[in-house]
Amino acid sequence: MFPTPLEKTSRSWQISYQVLLPIALIIWLLPLIAVANFSIKPESDFVNGNYWGLPGSFEALNNYGKVFFESNMPRYLWNSLWITIPTVIGAVALSCMAGFALGIYKFKSNLPIFFMFIAGNFVPFQILMVPVRDMTVSLNLYDTNLGLVLFHIAFQTGFCTLFMRNFIRALPFPLIEAARVEGISEWRIFLYVVLPLMKPALAALSVLIFTFIWNDYFWAVVLTQGPDAQPVTAGITEFNSQFRAAYHLMSAGSIVAALPPVLMFFLMQKHFIAGLTLGAVK
Amino acid sequence: MHSTLKTSFAALVAAGVTATAGFADGHASLSGELNIISDMSNPAPRAVMEGLAADFDAMHPDLTVNLTIVDREAWKTQIRNALSANPPDVVNWYAANRMRPYVDAGLFMDISDVWEEEAFDALASTKGAMTLDGAQWGVPYTYYQWGVYYRKDIFDQFGLEEPTNWEEELANCQTLLDNGIKCYTIGTKFLWTAGGWFDYINSRTNGYDFHMELARGEVPWTDDRVRQTFANWRQLIDMGAFIDDHQTYSWQEALPFMVNGEAAAYLMGNFAVAAMRDGGLGDDQLDFYQFPVINPDVDYAEDAPTDTFHIASGATNVDAAKEFLRYVTSAEVQTAINAGDALGQLPVNANSSIDDDKFLEQGFDMLSNNAGGGIMQFFDRDFDAEMASVGMEGLQEFMVFPDNLDDILERLEETRQRIYN
Numbered sequence: 001m002f003p004t005p006l007e008k009t010s011r012s013w014q015i016s017y018q019v020l021l022p023i024a025l026i027i028w029l030l031p032l033i034a035v036a037n038f039s040i041k042p043e044s045d046f047v048n049g050n051y052w053g054l055p056g057s058f059e060a061l062n063n064y065g066k067v068f069f070e071s072n073m074p075r076y077l078w079n080s081l082w083i084t085i086p087t088v089i090g091a092v093a094l095s096c097m098a099g100f101a102l103g104i105y106k107f108k109s110n111l112p113i114f115f116m117f118i119a120g121n122f123v124p125f126q127i128l129m130v131p132v133r134d135m136t137v138s139l140n141l142y143d144t145n146l147g148l149v150l151f152h153i154a155f156q157t158g159f160c161t162l163f164m165r166n167f168i169r170a171l172p173f174p175l176i177e178a179a180r181v182e183g184i185s186e187w188r189i190f191l192y193v194v195l196p197l198m199k200p201a202l203a204a205l206s207v208l209i210f211t212f213i214w215n216d217y218f219w220a221v222v223l224t225q226g227p228d229a230q231p232v233t234a235g236i237t238e239f240n241s242q243f244r245a246a247y248h249l250m251s252a253g254s255i256v257a258a259l260p261p262v263l264m265f266f267l268m269q270k271h272f273i274a275g276l277t278l279g280a281v282k
Numbered sequence: 001m002h003s004t005l006k007t008s009f010a011a012l013v014a015a016g017v018t019a020t021a022g023f024a025d026g027h028a029s030l031s032g033e034l035n036i037i038s039d040m041s042n043p044a045p046r047a048v049m050e051g052l053a054a055d056f057d058a059m060h061p062d063l064t065v066n067l068t069i070v071d072r073e074a075w076k077t078q079i080r081n082a083l084s085a086n087p088p089d090v091v092n093w094y095a096a097n098r099m100r101p102y103v104d105a106g107l108f109m110d111i112s113d114v115w116e117e118e119a120f121d122a123l124a125s126t127k128g129a130m131t132l133d134g135a136q137w138g139v140p141y142t143y144y145q146w147g148v149y150y151r152k153d154i155f156d157q158f159g160l161e162e163p164t165n166w167e168e169e170l171a172n173c174q175t176l177l178d179n180g181i182k183c184y185t186i187g188t189k190f191l192w193t194a195g196g197w198f199d200y201i202n203s204r205t206n207g208y209d210f211h212m213e214l215a216r217g218e219v220p221w222t223d224d225r226v227r228q229t230f231a232n233w234r235q236l237i238d239m240g241a242f243i244d245d246h247q248t249y250s251w252q253e254a255l256p257f258m259v260n261g262e263a264a265a266y267l268m269g270n271f272a273v274a275a276m277r278d279g280g281l282g283d284d285q286l287d288f289y290q291f292p293v294i295n296p297d298v299d300y301a302e303d304a305p306t307d308t309f310h311i312a313s314g315a316t317n318v319d320a321a322k323e324f325l326r327y328v329t330s331a332e333v334q335t336a337i338n339a340g341d342a343l344g345q346l347p348v349n350a351n352s353s354i355d356d357d358k359f360l361e362q363g364f365d366m367l368s369n370n371a372g373g374g375i376m377q378f379f380d381r382d383f384d385a386e387m388a389s390v391g392m393e394g395l396q397e398f399m400v401f402p403d404n405l406d407d408i409l410e411r412l413e414e415t416r417q418r419i420y421n
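Chains as they are written, first to last, in the UniProt record's numbering: chain A, 1 to 282; chain B, 1 to 421.
Hints are all accurate, no fakes.
Across the chosen pairs, the derived CB separations fall in these ranges:
id, chain 1, residue 1, chain 2, residue 2, range
1, B, THR64, A, PHE243, 31 to 41 Å
2, A, LEU25, B, SER250, 22 to 32 Å
3, A, GLY56, B, LYS358, 20 to 30 Å
Calculated pairs, DSBU-like style, for lysine-lysine (alpha carbon to alpha carbon, straight line, at most 35 Å):
id, chain 1, residue 1, chain 2, residue 2
4, B, LYS189, B, LYS76
5, A, LYS66, B, LYS76
6, A, LYS106, A, LYS270
7, A, LYS66, B, LYS358
8, B, LYS152, B, LYS189
9, B, LYS358, B, LYS152
10, A, LYS270, A, LYS199
11, A, LYS108, A, LYS199
12, B, LYS189, A, LYS66
It is worth saying that the hints were derived from the structure and are not from the lab.
All figures in this text were calculated on a predicted structure; none of them were measured in a lab.
Beta carbons: idealized from backbone N, C-alpha and C, even for Gly.
Whole structure, please, built from the sequences with the hints as guidance.
Structure representation (structure tokens):
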């Protein structure tokens with residue numbers, strides 16, 4: 001089932017592996033390399049057809065300068081933060097509480113409610129596009145950060161609750177019983193006993209939701225428009241003017257937009273991987 | 001108390017302005033609010049629109065101009081909603097058939113009375129494009145010419161002249177091909193570029209009136225005259241006049257062929273000039289000619305997509321809205337907003353002046369004096385939206401597989417019957 005460790009294979013296989021690996025890696029990363037290369041090219045390179053060669057002139061400062069100082073990108077990044085962070089806080093907070101209730105208490109509709117949370121995950125979100133848009137318009141939340149935040153919280157809570165409930169289930173129940181014997185009220189048990197134990201789950205889930213929401217494009221396009229509320233994923237298209245697409249600026253903008261989740265990933269790598277597998281096994 | 005003071009002060013200032021600057025025609029009497037929704041969201045047009053609103057506001061002290069700028073693409077889906085629920089006074093849109101849904105739904109105001117004013121004679125070139133059902137529904141503020149942009153240095157190298165008729169055109173093309181240079185670059189990945197070729201060959205073959213009848217769905221696609229258009233087009237395709245694999249390029253991605261000298265010309269809108277200059281072509285290498293005559297019996301018709309202002313039928317301040325339309329169509333304003341440092345396009349008002357740019361000059365002259373047939377708005381604006389999208393797919397397919405013509409025409413004809421009947 002597991003591949004044979006490399007050290008145990010023949011010498012010729014080891015060599016061909018070491019040769020093939022970088023080649024596969026470069027092919028794999030080619031689109032990213034192209035975007036990085038495009039982002040330091042002058043506009044004239046695109047008119048001349050110099051797509052893959054060295055930049056005609058080195059325009060990194062110029063391009064990134066334009067992205068930061070002559071476009072709405074800072075505003076879009078700011079919007080992204082204002083959409084992502086409240087969503088992470090809201091979804092994680094709600095799902096902690098829901099997970100606690102579903103994981104600790106035994107009541108009749110426990111399982112049905114839990115299944116409803118899970119079932120929400122199986123709804124293909126595209127079919128919600130029209131009703132959600134209509135609802136947002138009628139609530140006067142269309143084209144606002146709040147509208148996007150509320151929807152994201154509602155939609156992410158399903159997955160988060162599944163995650164949290166299973167994590168809390170795995171905690172040793174005697175801890176809670178012991179606290180009850182001491183006569184501690186339920187909400188203090190949640191706050192002082194369960195919550196501290198959930199730190200790894202909180203960290204993992206926050207990182208995961210942060211990248212989910214930051215990278216969301218679909219709902220950003222459906223529920224917002226213009227620099228007042230749109231996050232950076234949707235705002236990138238601003239570099240398309242009426243007639244021409246500014247590939248160099250779009251590339252620079254994409255790199256800037258991709259940095260926060262990448263940074264998040266590297267800084268919180270451990271939690272991220274834990275997040276993907278936590279709750280997968282009980 | 002405070003507000004009364006303020007208004008009376010404003011009135012005083014207005015009176016002063018009227019007296020000194022000689023505004024004697026009641027401009028200052030406009031009052032209330034004027035709500036404008038504009039789709040001029042790209043940086044340069046945005047600055048133009050904000051300038052227009054601010055200047056108009058300053059000219060009319062009692063009037064408050066509220067400007068909302070909406071993303072140009074988003075506006076295409078929002079306009080209906082905006083016009084029906086809580087309508088503004090003035091909106092941006094496009095000329096010709098693109099007005100049709102809003103005219104039919106009664107959402108645009110009939111402003112034929114404004115067009116009857118003497119000052120509007122200077123806008124005659126686009127009057128047809130602003131007319132539906134015998135009435136005018138808006139005013140133009142800018143347009144740009146289409147035509148053939150070519151490498152003058154390559155033409156000179158092989159002793160070629162700008163062609164004026166189809167025979168010269170084909171002869172030029174043959175010379176270029178014999179020397180290993182494609183006659184035309186084009187990128188049909190996003191389809192619309194092929195629409196430009198159809199507009200020109202069809203209107204040069206059958207005339208403006210026939211082209212518009214086809215656009216309105218009054219002529220079947222299987223008509224022999226349409227086939228003649230495709231037969232003319234096919235002459236170029238069979239020669240190999242267009243670059244290979246053009247269906248994989250966007251219009252921008254087709255530019256390198258011309259900049260690098262692998263193709264000699266590009267049928268395109270004037271916006272291509274800025275890109276070609278960025279690519280390093282100087283004005284000594286680049287020139288422009290009007291699409292040549294095919295059928296000498298029909299007059300020149302030109303593609304010149306026109307952007308417009310309209311009054312919503314639910315407008316609350318109609319007087320101010322009409323005055324705003326008079327303002328944006330005046331020769332001075334059109335000169336200013338179309339200048340190279342603003343929109344960089346052509347003013348529609350024939351009394352306007354234009355920047356010292358050889359392409360703008362040629363285009364302005366061509367559209368003002370040499371487009372007797374009429375002004376087309378481009379394939380995807382003149383034809384019904386759904387017809388245009390099916391149609392442009394057909395045109396692209398024809399350019400790649402000209403033998404499929406019968407299939408394509410039948411498909412387009414089916415679509416026409418479904419849409420227009």
